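Number of protein chains: 2
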Amino acid sequence: MADAATARRRTRGTGGGAARRAERTAVSVESARFIERRIPDFDILDDEALSLIEHGAETILQEIGVNFVNNPAALQLWRDAGADVTGERVRMPRGLARALIATAPSRFTQVARNPERNVEIGGRSLVLAPVYGPPFVHDMNGGRRYATIEDFRNFVRLGYMSKWLHHSGGTVCEPTDIPVNKRHLDMLLAHMTLSDKPFMGSVTEPSRARDSVEMCEILFGREFVAENTVMTSLININSPLTFDDTMMGALEVYAAANQACIVSPFDVGGAMAPVSVAGTLTQVLAEVMAGIAYSQLVRPGAPVIFGAFVTSIDMNSGAPTFGTPEAAQITYGAGQLARRLGLPYRSAGAFTGSKLPDAQAAYETSNSLNMGLLSGVNFMLHACGWLEGGLVSSFEKFVMDADQLGALHKLAQGIEVTEESMALDAVREVGPGGHYLGCAHTQAHFKTAFWRSDLLDYKPFEAWAEDGMRDTLTLANARVRKLLDQYRQPALDPAINDALNDYVARKKAAAPDAFS
Amino acid sequence: MADAATARRRTRGTGGGAARRAERTAVSVESARFIERRIPDFDILDDEALSLIEHGAETILQEIGVNFVNNPAALQLWRDAGADVTGERVRMPRGLARALIATAPSRFTQVARNPERNVEIGGRSLVLAPVYGPPFVHDMNGGRRYATIEDFRNFVRLGYMSKWLHHSGGTVCEPTDIPVNKRHLDMLLAHMTLSDKPFMGSVTEPSRARDSVEMCEILFGREFVAENTVMTSLININSPLTFDDTMMGALEVYAAANQACIVSPFDVGGAMAPVSVAGTLTQVLAEVMAGIAYSQLVRPGAPVIFGAFVTSIDMNSGAPTFGTPEAAQITYGAGQLARRLGLPYRSAGAFTGSKLPDAQAAYETSNSLNMGLLSGVNFMLHACGWLEGGLVSSFEKFVMDADQLGALHKLAQGIEVTEESMALDAVREVGPGGHYLGCAHTQAHFKTAFWRSDLLDYKPFEAWAEDGMRDTLTLANARVRKLLDQYRQPALDPAINDALNDYVARKKAAAPDAFS
Chain A
1 MADAATARRR
11 TRGTGGGAAR
21 RAERTAVSVE
31 SARFIERRIP
41 DFDILDDEAL
51 SLIEHGAETI
61 LQEIGVNFVN
71 NPAALQLWRD
81 AGADVTGERV
91 RMPRGLARAL
101 IATAPSRFTQ
111 VARNPERNVE
121 IGGRSLVLAP
131 VYGPPFVHDM
141 NGGRRYATIE
151 DFRNFVRLGY
161 MSKWLHHSGG
171 TVCEPTDIPV
181 NKRHLDMLLA
191 HMTLSDKPFM
201 GSVTEPSRAR
211 DSVEMCEILF
221 GREFVAENTV
231 MTSLININSP
241 LTFDDTMMGA
251 LEVYAAANQA
261 CIVSPFDVGG
271 AMAPVSVAGT
281 LTQVLAEVMA
291 GIAYSQLVRP
301 GAPVIFGAFV
311 TSIDMNSGAP
321 TFGTPEAAQI
331 TYGAGQLARR
341 LGLPYRSAGA
351 FTGSKLPDAQ
361 AAYETSNSLN
371 MGLLSGVNFM
381 LHACGWLEGG
391 LVSSFEKFVM
401 DADQLGALHK
411 LAQGIEVTEE
421 SMALDAVREV
431 GPGGHYLGCA
441 HTQAHFKTAF
451 WRSDLLDYKP
461 FEAWAEDGMR
471 DTLTLANARV
481 RKLLDQYRQP
491 ALDPAINDAL
501 NDYVARKKAA
511 APDAFS
Chain B
1 MADAATARRR
11 TRGTGGGAAR
21 RAERTAVSVE
31 SARFIERRIP
41 DFDILDDEAL
51 SLIEHGAETI
61 LQEIGVNFVN
71 NPAALQLWRD
81 AGADVTGERV
91 RMPRGLARAL
101 IATAPSRFTQ
111 VARNPERNVE
121 IGGRSLVLAP
131 VYGPPFVHDM
141 NGGRRYATIE
151 DFRNFVRLGY
161 MSKWLHHSGG
171 TVCEPTDIPV
181 NKRHLDMLLA
191 HMTLSDKPFM
201 GSVTEPSRAR
211 DSVEMCEILF
221 GREFVAENTV
231 MTSLININSP
241 LTFDDTMMGA
251 LEVYAAANQA
261 CIVSPFDVGG
271 AMAPVSVAGT
281 LTQVLAEVMA
291 GIAYSQLVRP
301 GAPVIFGAFV
311 TSIDMNSGAP
321 TFGTPEAAQI
331 TYGAGQLARR
341 LGLPYRSAGA
351 FTGSKLPDAQ
361 AAYETSNSLN
371 MGLLSGVNFM
381 LHACGWLEGG
391 LVSSFEKFVM
401 DADQLGALHK
411 LAQGIEVTEE
421 SMALDAVREV
431 GPGGHYLGCA
441 HTQAHFKTAF
451 WRSDLLDYKP
461 FEAWAEDGMR
471 DTLTLANARV
481 RKLLDQYRQP
491 ALDPAINDAL
501 NDYVARKKAA
511 APDAFS
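Residue numbers (the numbering used here), protein chains in the order written: chain A, 1 to 516; chain B, 1 to 516.
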């Protein structure tokens, strides 16, 4: 903000009409620093309950075990570490997983190509990243349709333009018009060239994870990548208790390269996990402990995140449901479990099952975002744009949610209680029956006192009615167009840009297209 | 729920076609018991900050004081209690207000005419009451218009039909077609005859408070009212620091009759309170302490609630804003201050500044409802139906918000961690790679495991599309009509009903109409 203000003052100094026009149309691409909480976490469980769950998770690991599928090397690593391996089933003596996890860092830095956009993941921080994975997109103009690479690029542009988003994310939508075996190249190229925020790597094949590392070596330099974490990638566990070779193969590539992985069960209670909150928490903990312990077998010290994608199910339709009270309970509880393991925590997001960015979407999203902040989440994927249970990336909802993320920043600052902020002099000045609009304290602070939405309508009824009675969806549609119109690509060394494009062209030419 | 099930079984027993039709159309008017939290409160401030604010509030009371306007009897009570009274200004030695507050109960029961609907206010409880005060109503069919008594009655009927609403409220909208000096009679008659939930009394004149007590004496019996709290009424403080004779006159009537009052500053930061969160909290505390101390001067032991209606302002338009992070900070902080005084706490609500029940409305409302639960609110007015900064009662938003209140009930139950709920046997049964849909634990628990919305759409896209692609507003519109169609007036002793109607008729005949 300070930079933009300086730029405006400089422009004003030149005095000409063109300069004034430039000022009016100047685009300030502000990006907030990741959130550093100055408020406590909400601890829903007491120590006794947490200990019971931890004991239950160890029981699962010891008695039931987990499967590492199609992965003899992993089984050997487990055997060497002291686990009991039978077939593909790995059973761990009590305490083994926890002991292995001890080498994982509690906090790490993910570097962006613009160092001002570096993020700290862990501790009291909260890093916000956009929706991940939907095959469809939706907007007011075109409705629901399969996503293309141009949609993908537009979401990356919107993420770059979104002040409260710290991270460019990964598969912001699936570019279904690009062959499955080449999509990751175009996606990474978009994140690397259309934004300067940190991003995620591909996980759909170990070879694609290697491509991701190689493209980062072009962008950042080979030595830099060896010494720094430049990607945080999403490794899903096939719940219940199954680690498949695709995801583990990607994890192995990233852990070996000292790149970060979110190790994340995907647990819909009643389907992939018990139908109870305590049961889901116990299974989540067992799954995360096994996955993170394995990451440390691959490379002790590799940066990892305790992930928990958990929600409830509608037992009438079998559909997963979002923004529910049970999801909130699990998210709060899992945060406590992650902190007791000393690990960064990924959970929550702008979740909804709604088919439209309507009131249902906003209720469910707001429930999820609030619990995400208070549960101590350090990395929030899906923080904006998620629609229809993750099947759809919504353009309007992207900017609607991204606006709400601003409120999280302000809430996380906590309450400053000082002589100045308590403002007793203002109370004295105004006195009983007066008003504060003109008093000295208000004049000194009103510009920064309150968070203000860039999207929502604060006008009185009459002004709003004259303005066309627009609802939030209509306002968001206009904001999407405005942000995409204002978008300018951040500068990148042309040699690096060429090298990245060459790499992608070479890789694409080297293999036939595959669409499954 | 048990009663409805029993009724259904009885009907089934008769076996006839008419009985089966009756069963299919039977309306179960379930009403949830008030929430008893089994989760902790979110404490945003530490002890040092709270002590500073408490010290600041005492400084305000001692140095600046409060005005009791046009109320010589109140000034005399303050003088007798040891306050320094100059003109209408009352200054209290440090500790006086706090000492007087000590006689206020920390928890009380408000009795409803159906004793199953009695509510406990204070401690770990949360009682939910609908929107209060708007002169306008809004629905999809008629748009925005002045409220009438028939609108009022329909909101009372909707409140009666709303499972998660514990309280019928007060001025659910202003019946602008009834003379100002007679409205309270029709409003109370509606609450008393169209619902059996607890309700609020009139506060717009001391005489109307007396009418409210007299009508309660008809409904409950004179002796019963003398010994029980049957109304909880809303006494606003004219912030900053002013107690007018109308509101104090109503408080005096209610406190003398042992009826409950919410003593509630109405503080929009930057207008009626300092532009800072800490300043607003300090002023709120001073105002509530003065008001509640006064209630105890009127009658030691009179039931009261620490109220805080607080929000921020949009400094661009001067409009109050809702669901903002600053409002959340104040609500969390004020809850801690109320608990330290040992008083029940009123705050939060389904707040929004939006002109429509759209996504903005839902984001802002959900922010407010969640903070209301976690901040330890005991009485939440405006818990459903509030629109446009409190200018409008929305029919659709009433049922949308009322549905979300169900999620608060479930979240407040906390997480049960037991051998059964941890479900290790289910994990053993299912094992790695299995699924939980058919396992014994799921079969035993799926019906009650997860909260389910009665309004929101959980269908997959295709089914939803076939069904007309309805958004939340459209679904809510249909639900309003359905609930009003299904509504049946709860039984009331005809003699009491006649006596109430006679009282209203007599009072109306005794005075000319006044419209201002």
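No wet-lab data here; the hints were simulated from the structure.
Hints may be right or wrong, so weigh each one.
Which copy is meant is left open, so a pair is good if it fits within one copy or across any two.
Calculated pairs, EDC-like style, for lysine to aspartate or glutamate (alpha carbon to alpha carbon, straight line, at most 20 Å) [said to hold, decoys possible]:
#1 K459 <-> D314
#2 K508 <-> E54
#3 K182 <-> D43
#4 K507 <-> E88
#5 K482 <-> E150
#6 K410 <-> D513
#7 K410 <-> D46
Please read these numbers as outputs of a predicted model, since none were measured by experiment.
Numbers of the earlier hints that this structure fails to satisfy, in rising order: 2, 3, 4, 6
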